[in-house]
Amino acid sequence: MADFYKNKIFDFAAKSKATRLSFGEELAKLGETNKSIVALDADLAKSTRTDLFAAKFPERFFDMGIAEANMIGTAAGMANAGMIPFCASFGCFLTGRFDQIRMSVSFTGANVRLVGTHSGVGIGEDGHSQMALEDLGLMRALPNMTVFQPADDSDTRNFIGWSLLNHGPCYLRLTRQNMPVIKTDESYKFQVGQWQVLSHFQADTKIVILASGGALPAAVEAADILSENIVGPIGIVNANWIQPIDAKYLTQVLGLKPKLVVTVEDHYRNGGLGSAVAEFFSGFENTPKLLRIGVEGFGQSGSPEDNYQHYGFTGPAISKKILSEL
Amino acid sequence: MSFSWPKSELSSDLTRKAIRQSVLESIHLAKSGHPGGSLSLVEILCAIFDGSFAHDQRNPEWKERDRFVLSKGHGVPALYAVYSQLGYFEANEMKGLRKLGHFLQGHPDRDKFKLMEASTGSLGQGVSVALGLALALRVQFERGDLKRLPRVYCIVGDGEMQEGQVWECLMAAGKYKAGNLIFVLDRNMGQIDGSTEEVMPLNPLDEKLRAFNLNVQTVDGHDTSALKKYFSAIEVTPNAKSHFLIANTVKGKGVSFMEHQAKWHGSAPDKDQLSKALIEILGHDSSNSPFGTLVG
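Those sequence lines, one after another, are chains A and B.
Anchor point for the first sequence: position 151 equals 154 in this note's numbering, and the numbering is continuous, going up by one each time.
Anchor point for the second sequence: position 70 equals 117 in this note's numbering, and the numbering is continuous, going up by one each time.
Please note: incorrect hints may appear among the correct ones.
List time: in silico SDA-like cross-link candidates among lysine to any residue, alpha-carbon distance up to 20 Å [said to hold, decoys possible]:
#, chain 1, residue 1, chain 2, residue 2
1, B, K224, A, F60
2, A, K59, B, E189
3, B, K161, A, G85
4, B, K110, A, H170
5, B, K159, A, N147
6, A, K11, A, H170
7, B, K222, A, I69
It is worth saying that the hints were derived from the structure and are not from the lab.
Isolated chain B, as found in the complex (with noise of 0.2 Å):
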């Protein structure tokens, strides 16, 4: 069997669909993966992909090109699907996630697939690296060895907040006035334990950012019209407070039994629980996908 990506529009209702479709199919395949923290993104992702962000697919090294790091890495699947989505790789390539050998590893792995900005995975890393990007791009923007000050964008996870090293960045971030620099964190309130607010509250967020000397703002992150709105009024100058854009998402978005539920943080669906998930998805059985299947 094979999956083909729809011709409409990365942000569109069926491009949407077809993404949490090869995301559950992918992590079903591989036995094992994290649809909770993956179903969440997907919004965001196309909402960033989708017109926001200048890359170049038959020049993937562009040197002016945007940068994106996700710096939750387990919510990477979301990310491959619509990398896939761009042209970058071929949609059956999906069926290769969490494989030995495979570019499509469990946690993104820029040795094996240069497309991830950073390797991470590790928790609290990614944001510091995205940081290290926007401030070395703009040393090179500011003397003239790029015509145009690329972008970086990096999503955190809620739960990812209670690492130290993110404080550390945002401080940084503060400091350096990088206002090439767009923070969107995924605010599905759940980790592996349970709720953030009761394994580590993080409330009341948006005040302990603005205290940070970010530019704050919040947004329902499911809400993709609202999402590029936001994106696309951004204003990037050199030297301007850092970005940081707190979306109100919910974990498992999209499949009922899997939403709020942590126990969908890190486990695949069996056969029946990806066909109930892709009924509820698609509207219909999933043997009628208009995109096809990855499994089987």
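With the rest of the complex left out, here is chain A (with noise of 0.2 Å):
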């Protein structure tokens, strides 16, 4: 059944968007009831698309130009004087000033809405400097960072509707490229630390995988490709929640018992999604065997499609690795 995950996890009538115009757009749309909100951009607020919110609102709106660490540390005073700010950049350039992030927001506890956006190798032409590949596995080491990566337009706008609920330092990892709508589950309850099963596993389920952000649509073709030799239903998760990963799925799979668990990622392979999946499971015995799909290397120019052929974020490159395995 050729097809057959991508029709019924994506509705493709629905226009595609990229997370981080998403967030613009709720930003600008929430700032109208939440006056805590206050953004703060480096310079590139037309390409974090905090420009939506600026227009709107210019009394709260800081852009602090090209000058990242005191963003980040302006944000968190601001968070102590009891406003929300949401501080953007690119994910490099952001997390690259880990020490601001790590005293001034962390460990302050400051109610800072960290947003990365540009993550990945999916961003193409700019090439590996405007890359953020490694900012997943910086921001989950701090013990109170929220880490978050949507995989479309309604799982962006959940999490920030949520993170004005929730106290504590966040990290939000978005995408420069179009993201398919993912069609809603009636069942589905944004929760934290839950993530979205987009095809449920069964009995008879040999492979589960886990796919985060950008990487999503290639890791659900790859499983259309796999169909064709595979026996049994494929679980598919949206793994957006990375830090807390959701635990209680974890622990169906480990009593599900399937031959392979894979995570894949737009982010290099150690640090991120896959690393978290891996120290979850070594907590257990017997566990499946994990395979993780990242960014191996260093990133570099080229068209986001060509970037993703050759990184191996296609239907056919993943599912090769994962037949490899089996």
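Once you've looked at the hints, go ahead and assemble the two chains, each given alone in its own frame, into the complex.
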């Protein structure tokens, strides 16, 4: 059945959208009712899409110039005065100021929402210097940092809404590229640390794929290719919560004993979702084999499509890797 | 043994002696700490908190309170002593400095002690937090959420001025004209590896700061009345140049063998050194200190 999972999971009639744009639109919307929201940017407002908030609420928007360290500290101060700052830049430049995040945000317990856009090799032509590839690892190392990577428009908006009601530092990782819209299952409820299950596993499930952010569509495509060779449904999950991860779901997976669990993410192979799952499994015996698919080596220039081809974020490349592990 | 604060006002000679004794004894008990950059701060802190600083001991989270950020976090024993003298905690808590689980951590820790408006100790960062506080409080004041515009005081170290983030922050303070933001530079000329002018020269500092569109003044950082005059004369208006006071100080002030000595940046006095230091500060043997003692 060609495209079974694709059509089951995505609504291709709906317009795909970059999660950075979903963020910008939602922030500008919520700014109307929540007067505590402030936004800070470091000369990238048109790219992170904080420009939408800036146009509506100039008195609550701060362009801090190309000076991310000070921007992060300023956001922490604003949070300590009771505001809810959304502090945006490309993920690499933001998390590159790790010491400021470590001290002024995380250790201080400052209620700052760090928003890192342009994640992964999916950004394309600008190349390695602009690609956030280690940001999940950095943010996940901080004990009180909530880390979230949405896969589509409503996933992004759900998290922003959640973050207004929950205190503590957060990192939100967004894509430059458009993301297809996920069909929402009536039973799905957005909750902290609960992944969005896109294809449920059953007793005869051999493979569970956990995919996050920009890499999700390729992982779904891989499932369609695999379904030609593999008996039984393939479990597919939008693994959006990176910290905390969905321990409940993973515990169910352990009980199911599939042959292989696969993580797919546009991030270095080490440090992100795959590492988080490996750390979780390390506490148990007789865990399934874990295949961690991520970026190996540095990024480079090239069209987003060429980059995804090169780094293996395509249906054929992912399905080939999975088959070789079975 | 126990220690108690004199009844005189914060910036009086007597209280400042007591603060210096508390700082040195607590660092001695902790067997580590930063006496040099704590002693250089005493008059600046006393001048800020004696009159110019709006706060309420019975309501420490008062929204309209002034804010204080110690960006040079290693000088925090002096700040702790001042808060204790103001009645925020009992004088003998200073014995807990740098002890496991105690709220008087080696560097300001907002998680353990909410009076610390920023967790600092990684230099260059507190200034930005102070700027964020000032800008957010101004937004809240201008839309009527606050009845008064709180002042935000931030003490920065001179070695700390070598951090690039400080200049990022000053650039932004100039842009946003945070008139409620008051930086004070503890210009003690010293850092761990030697004199600031040898390690990484800062001068001409006043000219640099003026070029960043700040309202710059210079004062003797141990002249309490001059400092108090400066702080009380400051006009806090929402959209005016941020204030920057260069306070010329002496690292290790009050103890002759510590003054100007880089080695007293980060080492604790032993029993003999403590005793010699206290004789200099009090003018007599510390066993007769009018404040008692934290030691023993």
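Given the hinted pair K224/B and F60/A, is their alpha-carbon gap at most 20 Å? Answer holds: K224/B to F60/A is near 19 Å, not above 20 Å.
Straight-line Cα separation of K110/B and H170/A no greater than 20 Å? holds (18 Å)
Holds or violated: K222/B to I69/A, with C-alpha atoms at most 20 Å apart: Satisfied, since the Cα-Cα distance of roughly 13 Å is no more than 20 Å.
Holds or violated: K161/B with G85/A, Cα cutoff 20 Å? The hint holds at about 14 Å.
What's the verdict on K11/A and H170/A, does the C-alpha distance respect the 20 Å limit or exceed it? Roughly 35 Å between the alpha carbons, so the hint for K11/A and H170/A is violated.
Sort out whether E189/B lies within 20 Å of K59/A, counting only the CA atoms. holds (18 Å)
Does K159/B pair with N147/A here, judged by a C-alpha cut-off of 20 Å? holds (15 Å)
Checked against the numbered hints listed earlier, the structure breaks hint 6 alone; every other hint is satisfied.
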